[in-house]
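**Student:** As a plain string of letters, each chain reads:
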Amino acid sequence: MDKEFINSYNDYVDNGNAWFNLNPLSKLCICLCIGLTAVVVRRWQYGFSLCLLYCIAALLIGIFPRFIKNYFAISIILFFLTIIVRQFSMKEPDFTPFINVFGWQWYKEPFIAALNIVSYIMGCSGALLIFFQTTEMRDIMLALENRGVTHVASYIMLSSMQSVIDMRKSAETILESQKARGIETDGNIMVRMKAFFPILGPILLSAMSGTEEKAIAMDARAFSHEGGHTYLRVLRPISKVEYALDALAILCLIASIVWKVLSLTGVL
Amino acid sequence: MAFIELKDVSYKYPYTKDYALQHVTCSFEKGKFYGIIGENGGGKTTLCNVIRGLIPHFYLGKLEGDVLVEGKDIRDWDTADLCSKIGFVFQNPFTQISGIKPTVFEEVAIGLENLGVPKQEMLERVTNVCEQLDIGHLIKNNPNELSGGQRQRVAFASIIAMDTETLVIDEPTSQLDPEGTESVFNIINTLKHSNKTIILVEHKIDLIAEFCDEVLVMENGTVVCSGLTKEILSQRSLMDHNAAIPEVAKFGHAMADAGKPLAEIPVTMEEALKLVKERSAR
Ligand SMILES: Nc1ncnc2c1ncn2[C@@H]1O[C@H](COP(=O)(O)OP(=O)(O)O)[C@@H](O)[C@H]1O
Ligand SMILES: [Mg+2]
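Quick note, the sequences are listed as chains V and R, same order. Counted the way our numbering counts, the first sequence spans residues 541 to 808. Counted the way our numbering counts, the second sequence spans residues 25 to 306.
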């Protein structure tokens, strides 16, 4: 048996590097606060600087490829959608002409407004994306359990996620066999829908039919046992550095709010 | 004193007309290996549910008579305490995996975590059980991606790790392929030598003949006969109760019918070989 693997449970949970190993709740605090500053500030200069910062951070953490893949997809869609919608929806006679796209006149003000919107959504979602790409759900739940959340809540959360995976798997299996029977499952959206809807019932039923037995199985594993719960995986205790980082992130958020209030009231 | 005792127990599932158990009286002693056989729908699983306290704590419905575990009425037991006395493994390998643990090693530890076993002890127990049940090579695998047979072994491991005095095992191989079945038999063989109380529901009669000290035969919600394995399984009348008898016992009866009886009716292959040798030496 793999002794090294077994011994790894003797140490605190190790997910790779310092960022990955931050306590999930600290990490959430940091990401959330930084992300929210973008929402508060709402200036494209700030929002896009954050985006750049996230890319650098992703590079340093070692998640750049998958980060950029998702981030890029969101940004492209958002960018074009918002800019076009803004060009149509904001119309004032004194707008400054900006560029001309094949005979379609764009104006500067709606363009900047659109940039501001895109930048704050990107500035916020980027931080959350980094958080979810570097934190496993079970670690989040474990951290919450350490904070007094019951293992029942944790189980519900984690097993719902697993049942989504299971349902997808059984959908694939059924669709495969439908295909083998000569039923069209590929093609345009209508064909897919037609193939998919009839199997929804069986999938949901099969997911539900197991619940009673699952409850019995979990009961046999002392799920309802009260008093003292121990953990095979133990998260690193929250360090002073983590508290400091959290505090810093919160300070940033507060600073951004102060800046916003001052600039709105015209002091700045 | 019997560890588990049923006195004139009848039970009806909610919203059903017929009793699933009728006037069942039986007892289970510490350290013995019991087999329960009988037709489908005969009430074997229901009997297990009663012993495990799932009836009346999980399934409502109407329970009559007395069920005593360690002399205490099942209705007075807390289910949470009961699960550290009586382990339970059942048919479906797919519903016995928690679905929340990404490695087999953690899956096996889940009961111990719930019981609050200290971590060092937990590591040792899980390691030992994985070794014992020959799933050491799987400990890093994702339990949600294992085959039925492998999952069933993991299910056994997580229950055995909890080290309950009694194990109730309900048709553990009925949904497995021959290979999976073989590996589960190996586990049951290991358990045989662990001086735990074991209650095994199983259709594979040769397995029952080989392992069990005593056998109960169920039909239509009642225990139609019970006693020492050899005495029960050698009775041809068992077939009238829709229960199988071992092939070698049928062979023994056929020999007797042909006027060439063996000294007694064998129930295991080993016995049959010995009896046949004796006979031909005569
Ligand atoms: N959850 C349930 N609800 C209602 N009736 C049930 C339930 N489980 C079993 N029964 C009924 O109880 C009887 C005994 O079933 P069971 O104990 O599962 O038999 P066995 O395990 O021997 O095949 C059957 O008639 C069955 O239909
Ligand atoms: Mg059954």
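Derived from the structure by calculation, the hints contain no laboratory data. Note that the structure is predicted; figures quoted are calculated from it, not measured. All C-beta atoms in this analysis are idealised placements derived from N, C-alpha and C, irrespective of residue type, glycine included. Be aware that a few hints might be false.
[Unchecked claim] Partial list, computed: chain R residues near chain V (C-beta under 8 Å): (1) Phe-112; (2) Glu-155; (3) Asn-166; (4) Leu-170; (5) Thr-205; (6) Phe-209; (7) Ile-229; (8) Leu-299; (9) Glu-302; (10) Ser-304.
**Student:** Tell me the hint numbers this structure goes against, listed in increasing order.
**Tutor:** Failing hints, ascending: 3, 4, 5, 6, 7, 8, 9 and 10.
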